[in-house]
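Asker: Sequence lines, in order, name chains C and P. For this note's numbering, count along the first sequence from 1 and bump the result up by 24. For this note's numbering, count along the second sequence from 1 and bump the result up by 24.
Bear in mind the hints are in silico, worked out from the structure with no lab data behind them. A hint or two may mislead.
Unchecked claim - Cβ pair distances, simulated, as ranges:
(1) P:GLY62 <-> C:SER218: 36 to 42 Å
(2) P:GLU245 <-> C:GLY173: 23 to 29 Å
(3) C:PHE27 <-> P:SER217: 51 to 57 Å
(4) P:GLN43 <-> C:GLN43: 27 to 33 Å
(5) C:MET105 <-> P:ARG211: 48 to 54 Å
(6) C:GLU281 <-> P:LYS115: 31 to 37 Å
Claimed, not checked - Covered stretches of chain P, as calculated for chain C (at least 3 residues, CB under 8 Å):
(7) 95 to 101
(8) 282 to 294
Using N, Cα and C, we set each Cβ at its ideal position, and we do this for glycine too.
So you can see what is in the structure, the chains are spelled out below.
Protein chains: 2
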Amino acid sequence: MDFAHIYEVGPRDGLQNEQSVVPTSVKLDFIDALSAAGLKRIECTAFVHPKWVPAMADHAAVMSQLKKEEGVSYPVLVPNMRGFENAQKFKPDTVALVVAASETFNQKNINQSVDAALAGADAVTVEARRQGIPVRAYISCALGCPYEGEISSKAVMYIAEAFAKTKVDEIVIGDTIGIGDPKSVERLMRDLSSIWSLEHIACHFHDTYGRALANAVKAYELGGRIFDSSAGGLGGCPYAPGASGNLATEDLVDCFERMGIQTGIDLDGVVRAASLVSQHLGRQLNSRVFQALKGRCHS
Amino acid sequence: MDFAHIYEVGPRDGLQNEQSVVPTSVKLDFIDALSAAGLKRIECTAFVHPKWVPAMADHAAVMSQLKKEEGVSYPVLVPNMRGFENAQKFKPDTVALVVAASETFNQKNINQSVDAALAGADAVTVEARRQGIPVRAYISCALGCPYEGEISSKAVMYIAEAFAKTKVDEIVIGDTIGIGDPKSVERLMRDLSSIWSLEHIACHFHDTYGRALANAVKAYELGGRIFDSSAGGLGGCPYAPGASGNLATEDLVDCFERMGIQTGIDLDGVVRAASLVSQHLGRQLNSRVFQALKGRCHS
Chain C
25 MDFAHIYEVG
35 PRDGLQNEQS
45 VVPTSVKLDF
55 IDALSAAGLK
65 RIECTAFVHP
75 KWVPAMADHA
85 AVMSQLKKEE
95 GVSYPVLVPN
105 MRGFENAQKF
115 KPDTVALVVA
125 ASETFNQKNI
135 NQSVDAALAG
145 ADAVTVEARR
155 QGIPVRAYIS
165 CALGCPYEGE
175 ISSKAVMYIA
185 EAFAKTKVDE
195 IVIGDTIGIG
205 DPKSVERLMR
215 DLSSIWSLEH
225 IACHFHDTYG
235 RALANAVKAY
245 ELGGRIFDSS
255 AGGLGGCPYA
265 PGASGNLATE
275 DLVDCFERMG
285 IQTGIDLDGV
295 VRAASLVSQH
305 LGRQLNSRVF
315 QALKGRCHS
Chain P
25 MDFAHIYEVG
35 PRDGLQNEQS
45 VVPTSVKLDF
55 IDALSAAGLK
65 RIECTAFVHP
75 KWVPAMADHA
85 AVMSQLKKEE
95 GVSYPVLVPN
105 MRGFENAQKF
115 KPDTVALVVA
125 ASETFNQKNI
135 NQSVDAALAG
145 ADAVTVEARR
155 QGIPVRAYIS
165 CALGCPYEGE
175 ISSKAVMYIA
185 EAFAKTKVDE
195 IVIGDTIGIG
205 DPKSVERLMR
215 DLSSIWSLEH
225 IACHFHDTYG
235 RALANAVKAY
245 ELGGRIFDSS
255 AGGLGGCPYA
265 PGASGNLATE
275 DLVDCFERMG
285 IQTGIDLDGV
295 VRAASLVSQH
305 LGRQLNSRVF
315 QALKGRCHS
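Turn these sequences into a full structure, and let the hints steer you where they fit.
Answerer: Structure below.
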């Protein structure tokens, strides 16, 4: 059977760069609408310092007010041990870690080297495993860096190998700036397949240059079965001003379902979820399918 | 060598559905900017009745004022013999014909059956050939119809065979409503390959649901080498309200060039050309690359 697992990042990656902070109640409605649409994994917040990411300052409120649906997992992002310690009070289903495949990006973003970031991720992974919490490990800038430009497959493999060694549950290829193309995705996935089963590698593509869906189709053809996306295509990257955000969940679902790849997700339900945020923000969202279908899916 | 030929449809397919009519002088500047960016074939107007397509009412002015660059071809669309007769006064480099692969679409659009439309196209082709004018033949609704929904490969093949018989120079698969996906593109191209070399089939994909680029990448992998696109992604379809337009030239060029597929086109030049229209219309255009790069490409 042809299928793909969709991992929703709208409430976290989608909203974290919004200029206006979305109220907790809207976030909770958004998350509920996403699970109602059939999303089974919804990354719902980040335990980051509010000074750095004000949009996620309400992580404790989101976690304590969240009505968990049966069969749905609600991972949270934790940048470091401090974040993990704050998150663990809420017994998260999964924690997500990030290490960039770019020395400069790590230095500029978290003031650490790649090796220091890996050591931190390792410590969190060990502790999470001890507590029985699954770990999802993002390799950001895996297809390019806003500072260094091209990123070698070797740099990505270095991190993937470290993640594999500490036994994370899932590795995520993060195309943070959306610069990847079907050929570079193919090269990277072929390299990664030597150490990790491609069906357990998640693809996290941004649509900055309109290639996220083409990249996802290529990744699927190569054996990838887990795809990150955000409803409405929420989530611009602060390093690419004016650029669009994550691959839109509805664009991905519509394409895959038409290709005969089952996702278990209700397209209209995703559009309705995105509409909640669109209405709150008072603006159009970037997703093509959202723009085409929103008329028929008024909630 | 990996290469693709880009056929620019912005001045015709891109502008024909704009609600405000773009003045001839802006169109001419747009066409000039496109040839300056390296586009070698630019479909520049349509000899249709102004009552049906007011945006193309200035076809005679466009053709008589056009400064033709050496090595650049400026095809025009002619819907019927009347259109051809009006166009031939301007000695067009190529004429483009359209027959839809949907009985209902033909009936609603031109009040003719498929067979009557094919007979008309045949007459124009014979006359164009007699005058030594190359003929480009669009099969519209080739991957779906706004009225009939799915369109069978058989219906497309029927028209492609008729076009092949009358010896048109190029057949174009038109995904008028943007409903195609990489799988349906693959099925259709494999069928068409039995009667026509895939490298001489042009792919004309609309981006209504965000799949145009994924479809183009698939078509390239199968052997397609000619791709239609419009600068800025201009060109909504009146049958899909709010939907985006043609595959954007800059999205296609940026993706292909990164994949190592040469197009001979200057990306910044395309963005500058699109900016002229964006400025005139006073609104943002849909192309992802345009949105990401327009800051760096001010003309």
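Asker: Identify every previously stated hint that the structure contradicts and give their numbers, smallest first.
Answerer: 3, 6 and 7
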